[in-house]
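Novice: Now for the letters of each chain:
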Amino acid sequence: MALDSKVPKGPIKDKWTDYKNKINLVNPANKRHIDVIVVGTGLAGGSAAATLAELGYNVKAFAYQDSPRRAHSIAAQGGINAAKNYQGDGDSTYRLFYDTVKGGDYRSREANVYRLAEVSTNIIDQCVAQGVPFARDYGGLLDNRSFGGVLVSRTFYAKGQTGQQLLLGAYSAMNRQIARGKIEMFNRHEMLDVVIVDGKARGIIARNLVTGEIERHSAHAVVIGSGGYGNVYFLSTNAMGSNVTAAWKIHKKGAYFANPCYTQIHPTCIPRSGDYQSKLTLMSESLRNDGRIWVPKHLDDVKAIREGQKKPTDLSEEDRDYYLERRYPAFGNLVPRDVASRAAKERCDAGYGVNATGEAVYLDFAAAIERYGKEQAKINNIENASEAKIYELGQKIVEAKYGNLFQMYEKIVDENPYETPMMIYPAVHYTMGGVWVDYNLMTTVPGLYCIGEANFSDHGANRLGASALMQGLADGYFVLPYTIGDYLSDDIRTGEISTDTKEFEEAEKSVKETINFFVNNKGSKSVDHFHKKLGKIMWDKCGMSRNEQGLKEAIQEISDLRKEFWKEVSVPGGSEEYNEELAKAGRVADFLELGELFAKDALVREESAGGHFREEHQTPEGEAKRMKEFQFVSAWEYKGEPKDAVLHKEELVYENIEVKERSYK
Amino acid sequence: MNLTLKIWRQKDSNAKGQMVDYKVTEISEHMSFLEMMDVLNEQLVGKGEEPVAFDHDCREGICGMCSMYINGEAHGPDRGITTCQLHMRMFKDGDTITIEPFRAAAFPVIKDLVVDRGAFDRIQHAGGYISVNTSGNTQDANAIPISKHAADEAMDAATCIGCGACVATCKNSSAMLFVGAKVSQYALLPQGQVEAADRVQNMVAQMDLEGFGNCTNTGACEVECPKGISLDNIARMNRELMKAAVK
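For the record, the sequence lines run as chains A and B. Going by this note's numbering, the residue at position 565 of the first sequence is 565; the numbering climbs one at a time, nothing skipped. Going by this note's numbering, the residue at position 6 of the second sequence is 6; the numbering climbs one at a time, nothing skipped.
This is chain A alone, in the form it adopts within the complex (with noise of 0.2 Å):
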């Protein structure tokens, strides 16, 4: 099947209102007649369920969580980016588009980032509107932060608790819809398989997380909004629930998965402490506004910080190494993530790495502690404060701005970061790849549609900070209620969809048949035993950087891991009761089969892009090399085995910003 974008014609200003004003609409009365299936609640699923019920379609909403609030929206900090030029900075959509797709290396979408840019203002708008917290200056008017990778402050926050209020805001419209019973909300309910019908998305097999069982759902369409896959690395910052299932038996049955290689390892989380280590920390990127990144120079002090004897304060101006200022002038410590991880780990690499471990660089606050305490003695007007006093002044200003991130930090690592430096090191954070939709938020299969972080659409091979917020809203509040409702007006007619059918039979026996295998499958290893083998090969093998032997290998040791994982896997309890190590047995088997895709994906992408390095291609100064030629979406179709995956290509044109070497020096 040829992969077909269904972008409209026309200048790219103007694509989006003119297609919007050409689609086919449902009328109000006959709405009520069409069902929405919504897997997820996050941002996207949330925010699409809530407006989908307020257009009057009979929504049910999928959680595994026990409420929707839960999803894991709720932990981004930093903020929500939108092009209100509010600050007077030269911002405008032109710029917003034009510095995602810029950060996302050129390997993103031009109309979808352009849409995406232009719908992002209305976000600002509608979540104030809903009582969205949103910082405020001393005028009442909103406040703006900058983040990494753009010239402009155009991220708006709630604290250190963007993503919290914004996910808040989503499920209270999505309350209102459950009260009017528009919304059937379907709390720890896992979706295991989607039911095509005559090609088209009818339906979902979900499992009872609670009670253990199987239920069949129908609808006119179904919507993923599952979020993304950083759990392929066992170790991420993701929630310890978030999956690929969703997506991946979506996948299986016809829907192209795209760019599974393109991963965002994000430079500011706080570094691993043992084997026992469960989950990573991230720390907001809005703390490189003000903290500034440094290594020592000299290893000697590496060696006496390492042993203890020294500390980071200690070390005078001149032996340290503020190697993103070094390196990025223009964007200093704000460099795109992607840039910043990599920096990271080179030094670390290179021997300089500031714990025991090796792999953790100083994020410090002291010099912007001493400008706001200085600021502040002026406007107090103090003069000739001592310096306690203007540390005093200035750590109260840093204490507002990022209070509860500095307290995460200290309840964490046991250390004071207004006193000493904070530690960090990159994680695995979002995935820009995910399943392959077109304009319409479409995948490859009729009336399946995927949003949010669970598709690949918009931020290419790397995501800006501040971007995954905006893209989630925007997909659900503004685009796929339009585009949706295209699709829909052809099924005004159809009724109601039964469940008593042989494809929801059949969808249903091989759902059950996987979970009889776990729990009767006499293994001898638990399910998190292969979850953090396959973890260790990803972050090895397909992590910061990669190399074409990495990854050989790694399809190797993946898919023998999985045959393992098929024979020895044990899962304790029962199918038909609360059973959270088979619900995680589940995921991981679909984890296994993802890791591999992974792999080859990035196996084949020879160059470098955005998040996916590839060794061989990198400038002199170990910058990624970008090839014309791999200038396009990689798109796999399922063909039983991972290493069987066929790719199809979507070419990217860009007919509106130049293809340039992505430079932030």
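The hints are simulated quantities; they were obtained by calculation from the structure and are not laboratory data.
Taking lysine-lysine and the DSSO-like style, the derived pairs with C-alpha atoms no more than 27 Å apart in a straight line are: (1) K47/B - K512/A; (2) K525/A - K11/B; (3) K411/A - K6/B.
Chain A is already provided as a structure; the job is to place chain B on it using the hints.
Specialist: Showing chain B alone in chain A's frame:
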């Protein structure tokens, strides 16, 4: 360190539960409490036994999913944190740790340490929203100036993560801190004024219906709240309720 754990085990919501003793060894002080629980569960799975069921997800103190009652305190001995942020450095070698689910009539146990907090969702359904449709042409966000003070205070109320520690801690199993936080967030913002009276009345009515107790101003909820939600929010909710009653 080596520890003895006394953990509430309950097969399902109908079963009678009991405390069961377990031993864990070689626990590092840098581990989080839930990582210690992972170690225990890995041991149990290795022996073919059923692991202890507990709710958890983000493991960074924001999703509100984790919910243990540790040594008689919701989220354990530390302050300003959820269970997932509790670290083993708060305990000593040889300690016996008692781990129970959040207990309240409105939070029935599902299994072991997992409870059903659906009542919280239902209170939000009753009025925890502003009735505005998604349209793409609401007024410009800066058309409604909001004083920094009010915005900050609304934000402080809005940080509630809905974990239920307030209810578990309260001797009356009152949910007033939770409800007060949501009522306050909207009461402090101009957008929330239109529906203020209906909102507080409906949310409080649902709260009562769910079987949560009343507030007797003990203040334990504020102490145990991982997000430091202030008792002021309960006072504000009561004021809003009075205002609504005389309207």
